[in-house]
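Participant: Sequence:
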Amino acid sequence: MNISSRMPLRPRVLSPLAAALTLSLSACGGGGGGGTPVGTASFQLTDAPVCANFQSVVVTVDAIQLIGATATHSLTLPQPLQVTLTDLVNGSTLSLGKVSVPAGTYQQLRLILAPNQGNGATPANYVLLDGSTTPTPLSTPSAQQSGYKINGQFTVTANGQVNLTVDFNACRSVVVAGNSGQYILKPVLNLTDDDQSGSISGYLPAADAGAMVMAEDNAGHILKTTLATAPSTTSTYASFTLAPLPASTTGYNVVMAPPAPSTAVTPQPNFAPEVVLGVPVSAGQDTALGTSASPLAVAGNSDAFYNGTITLPSPADTLVVAQEALNSTTTISIAQANGVETSSSTTQTYAMELPTAAPTVANYSTSALSFTQSTTAPTLSITAYDSEGASGSTTTMTNAALTLSGTGDDTFDADH
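Quick note on numbering: our numbering labels position 404 of the sequence shown as 422, and the sequence is numbered without any gaps.
Because the hints were derived from the structure by calculation, they are not lab data. Check each hint, because a few of them may be wrong.
Just the calculated beta-carbon pair ranges, DEER-fashion [stated by the list, open to error]:
id: 1; residue 1: 412; residue 2: 312; range: 22 to 28 Å
id: 2; residue 1: 264; residue 2: 167; range: 17 to 23 Å
id: 3; residue 1: 152; residue 2: 391; range: 42 to 48 Å
id: 4; residue 1: 386; residue 2: 149; range: 32 to 38 Å
id: 5; residue 1: 175; residue 2: 345; range: 42 to 48 Å
id: 6; residue 1: 423; residue 2: 325; range: 46 to 52 Å
id: 7; residue 1: 250; residue 2: 55; range: 48 to 54 Å
id: 8; residue 1: 412; residue 2: 87; range: 41 to 47 Å
id: 9; residue 1: 431; residue 2: 268; range: 28 to 34 Å
Quick reminder that beta carbons are idealized off the backbone N, C-alpha and C, glycines included.
Hey, can you work out the whole structure from these sequences and the hints?
Facilitator: Dropping the structure here:
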């Protein structure tokens with residue numbers, strides 16, 4: 019267990035062509051002329067794991083806009099860049115290039131996507147479903163006009179450079195539109211300043227490749243997710259990297275849980291959730307959990323299948339999260355899924371396969387971690403949040419019905 023001096027935020031930077039792109043700048047309502055000081059903004063893209071049922075999620079980036087206090091600066095790529103988001107996991111990133119812009123503070127980025135073309139052409143934006151070789155077009159409302167908004171303040175200093183990562187959660191971003199079968203892209207995006215960020219990496223037994231790994235706060239808000247992967251079929255370990263994560267001295271709770279299956283079958287790997295509490299992150303550094311020679315041990319487990327309905331006050335997208343309380347101050351999330359629309363726009367369904375054994379828990383230490391399994395059966399709850407601020411919970415796990423109400427809950431936007 020150690021905090022190394024090198025942070026593997028970019029263990030794999032994809033596409034040298036993209037890294038060499040030079041973006042052109044045009045300003046609406048302002049510019050960099052007349053002796054205005056300028057700096058450099060550099061952009062890269064990463065992703066959290068895709069949901070079950072998708073082989074890949076692909077989008078084509080046309081431009082980026084920077085929204086400042088007095089002007090919008092449009093950064094147009096020399097040619098549209100098609101990106102397979104589902105390749106960008108475990109710290110892998112794709113460079114979108116860098117550009118000189120007027121020095122100052124910016125409040126927002128916007129991703130502008132290329133439109134899908136008809137006439138049988140391969141869509142610019144699409145999903146590839148499991149078992150299929152035919153791209154299914156993604157509908158991208160507003161993506162070509164106003165773009166997809168990413169809120170997050172950052173400052174470009176005169177003659178300086180800010181390095182920004184756009185974190186695109188493909189799993190949360192693809193919505194199936196009920197009976198129509200249409201797939202809609204409604205992106206869940208975060209913006210991170212790399213110079214103020216670090217990472218958490220770790221190792222699990224090879225048999226647990228595919229485990230979902232989440233960095234959370236004490237309320238169970240999921241701030242970053244990834245999957246543990248094995249480097250080869252003969253490997254003795256699987257590894258993961260959670261990056262980028264804003265630096266934090268109080269740290270994150272790292273939750274390792276089985277992946278959600280696509281059907282009502284026991285997920286593989288199959289183990290009780292494992293939790294490391296208070297894992298610190300320093301800017302420019304990586305916090306390591308375990309080693310390839312001594313991966314973290316996990317406990318065997320059994321699982322149960324849960325499903326139910328969601329009633330919404332008005333049509334909206336929903337996020338369904340399964341949680342359990344570790345103690346009076348800490349709650350962990352062990353799984354999340356999107357609600358699926360039915361024939362009624364205010365009625366949705368959900369389905370989850372969840373561990374039935376209590377988690378094993380350790381407090382972070384720079385020496386060997388000591389895990390203790392809870393002696394009480396887990397008390398699970400399922401909560402649904404919608405994009406309009408409504409929420410609803412239940413602890414009745416069999417065929418549980420959730421009725422959402424309210425307008426002020428921002429967990430839908432917080433969880434990632």
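Participant: Tell me, in ascending order, the numbers of any earlier hints that this structure violates.
Facilitator: Checked against the structure, the hints that fail are numbers 1, 4, 6, 9, while the rest are satisfied.
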